[in-house]
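We have chain C; now place chains H and V onto it with these hints.
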Amino acid sequence: MCASGSPPPPAAAGETTRLDVRGLQCPGPITRVKQAMSAMSPGAVLEVTASDAGFVADIPAWCASTGNTLLETRPDGANYIARITKGSASATATAAAPAAPGKKAKTIVCFSDDLDRVMATFVIANGAAAMNSDVTIFFTFWGLNVLKKRNAPPVKKGLLDKMFGVMMPKGPGQLRLSKMHMGGIGTAMMRHVMKSKRVMAPEELVAAARHAGVKLVACAMSMDVMGVHKDELIDGVEIGGVGAYLGAAEQAGMNLFI
Amino acid sequence: MCASGSPPPPAAAGETTRLDVRGLQCPGPITRVKQAMSAMSPGAVLEVTASDAGFVADIPAWCASTGNTLLETRPDGANYIARITKGSASATATAAAPAAPGKKAKTIVCFSDDLDRVMATFVIANGAAAMNSDVTIFFTFWGLNVLKKRNAPPVKKGLLDKMFGVMMPKGPGQLRLSKMHMGGIGTAMMRHVMKSKRVMAPEELVAAARHAGVKLVACAMSMDVMGVHKDELIDGVEIGGVGAYLGAAEQAGMNLFI
Amino acid sequence: MCASGSPPPPAAAGETTRLDVRGLQCPGPITRVKQAMSAMSPGAVLEVTASDAGFVADIPAWCASTGNTLLETRPDGANYIARITKGSASATATAAAPAAPGKKAKTIVCFSDDLDRVMATFVIANGAAAMNSDVTIFFTFWGLNVLKKRNAPPVKKGLLDKMFGVMMPKGPGQLRLSKMHMGGIGTAMMRHVMKSKRVMAPEELVAAARHAGVKLVACAMSMDVMGVHKDELIDGVEIGGVGAYLGAAEQAGMNLFI
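Residue numbers (the numbering used here), protein chains in the order written: chain C, -12 to 245; chain H, -12 to 245; chain V, -12 to 245.
Chain C extracted, bound-state conformation (with noise of 0.2 Å):
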């Protein structure tokens, strides 16, 4: 018996659920599967429906590192299927979780507050976050800027601090991209074009990063240098130095720095 609100039970075992993810770009359609097989029993079925052209190559990809079971991919029109058992083949037998893998922790150095590079630093860290791995973001120096609140409390600042305030972008709702931003036309086009394409939005990316788990740590010292307050960073920051940054690292099977 279920109370009024409660969430639906876990598809059992042999039971097919289905998932639309058309129009999804990545790393919408794996984060979606995630989520969806997370509400499944073993030895339930996932059958997925996706336009995203990269999807058959990602899906036998997510289903080996997560220890699913890719029964098929197949073509459908323009769209892509792919049928899923969750767990293993000898896990369903044995109800058992895959072992888990060493080395899957991830680490990112967001070093830059380009609006390309940091659109690729938070796919992947999303994206991995969806293949079940812990992720760090250690931001530093301008990727500082990727942290900031865009409309946060006035702190009391220096001169240098303040300029610094000024002339640096607040938040991803600010930030330029690396080469053809030509006064601001390039970058608007470049976010016009994403967006009718359905391309997360880097505000959307940070936030999907967040709800996923990804540990976003800023540079202590970057904040010194720069004069940012901890006030003016978005919630559930950490703060570190490089001996944390690094002691993440040595955890990690992958370690980027963008």
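Do not rely on the hints blindly, as some may be mistaken.
It does not matter which identical chain is used: a pair holds within one copy or between any two.
Claimed, not checked - Below, computed lysine-lysine pairings styled on DSS-like, alpha-carbon distance capped at 27 Å:
1) K149 x K21
2) K157 x K184
3) K182 x K144
4) K217 x K157
5) K90 x K136
6) K91 x K157
Just so you know, these hints were derived from the structure itself, not from any lab.
Frame of chain C; chains H and V shown alone:
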């Protein structure tokens, strides 16, 4: 008895083959060493003469990574000579191949279409292939331009897609330096200097990587955003998303973002 | 009996040594902790006072990575205090060194000569050295400029090599910011701010890395292309190519391209 036109029989154990790679720049020497060694039997000896100043540091690393035995390196006037026995000392005795080391695979995200960064990408990729690594390069955002054919068949496009097409480089022959481009003068000068010093051009590096089996993957989302059709890309390119990239990265021991 | 001028005897088990690193910016505190601990006996205690806001996140990672035992961290006014026992709890009992973890080595490709990216390179390198990692930095393309002596002896060169020499920075003291350089004003302002906040200058970071045993390798091909002679580089630099780089990267657990 050999049929006419068939390759020569492999050099046998104890026999010495000579290889002259003078004038070749990195990664030419180790690429040629790999090719020469593949035509030799375990226990056969390769004597290499190189002018590349990095060769004496590179060849011990190459031997250690590929399971071959470096007998000696020595200067020879302005050049360097290395003598290598195919296989390890014990492998020579047993004619067994060295055990495959784990995590030899390597991935590179080619995010940029700057001439200098693309050259770094492909020098590393070709070098890694020469060291018997599986290499995957994932081309995203501006990096996608590297994979464009110089003269692709016309594809029907909307206005914005056409604009992107006009503004961006088409293939490795049109790339610009990330700095000192100076309206084209700096890039032309750098290309001239590199050619005169026998550094492989980006076009040649891409061709060599394809020949060496480096896997080239184009980011599906970048193709969609920039309005690039598969027909506009060079042959042999696969299409994937962040899932395919991360799947490869999790199997690799080295992952760079360039 | 100690001869005059010899170092003091190491702090014995149970004894507490105090270390004041207030005012030092990252990676100063962990570098100093490493140095202080190396003069102590297993079981001895170090009490560190730091003002760096990242220190409370860094020091647990440092202890975990180096096999030492963190007793506590606590705020102390605007500062932070950490108490560390040298060695692990079991190591203290047996006086055994902690087992060397695999893949602690780290490599960085320093591709850029931007002031900001070079600082990131050397903060990470010094931090890693403080965590007992073997670190190799491979300087290629523009990154080669970081290794140039400020006042090298004149070397006979052709016209193009001379032009490269004039146009490019000579050593860490002449680097420019990747953005906001503003004809030199932005870079000068950033240098001023960093100095006033006691951030190590790039020159100091390079010197500290050399002192800590970080291996500096210059790319032979870049030297040839840019017409740089070994005499123009700082002392202690090795020369290598992509083979040497990849050999180091295959032995490392973290490989960054900056």
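Against the structure, the hints:
1. Taking the shortest alpha-carbon separations for K149 and K21, neither the intra-copy value of 43 Å nor the inter-copy value of 36 Å comes in at or below 27 Å.
2. For the identical chains of this complex, K157 and K184 are neighbours both inside a copy (25 Å) and across copies (23 Å), given an alpha-carbon limit of 27 Å.
3. Taking CA atoms no more than 27 Å apart as the test, K182 paired with K144 passes between copies only; the shortest distance there is 18 Å, against 36 Å inside one copy.
4. For a Cα distance limit of 27 Å, the shortest separation of K217 from K157 inside one copy, 14 Å, qualifies, whereas the shortest one across copies, 37 Å, does not.
5. Taking CA atoms no more than 27 Å apart as the test, K90 paired with K136 passes in neither setting, with 33 Å inside one copy and 38 Å between copies.
6. Within a single copy, K91 and K157 get their C-alpha atoms no closer than 32 Å, and across copies no closer than 37 Å, so neither meets the 27 Å cut-off.
Going through the hint list in order, the structure does not satisfy hints 1, 5, 6.
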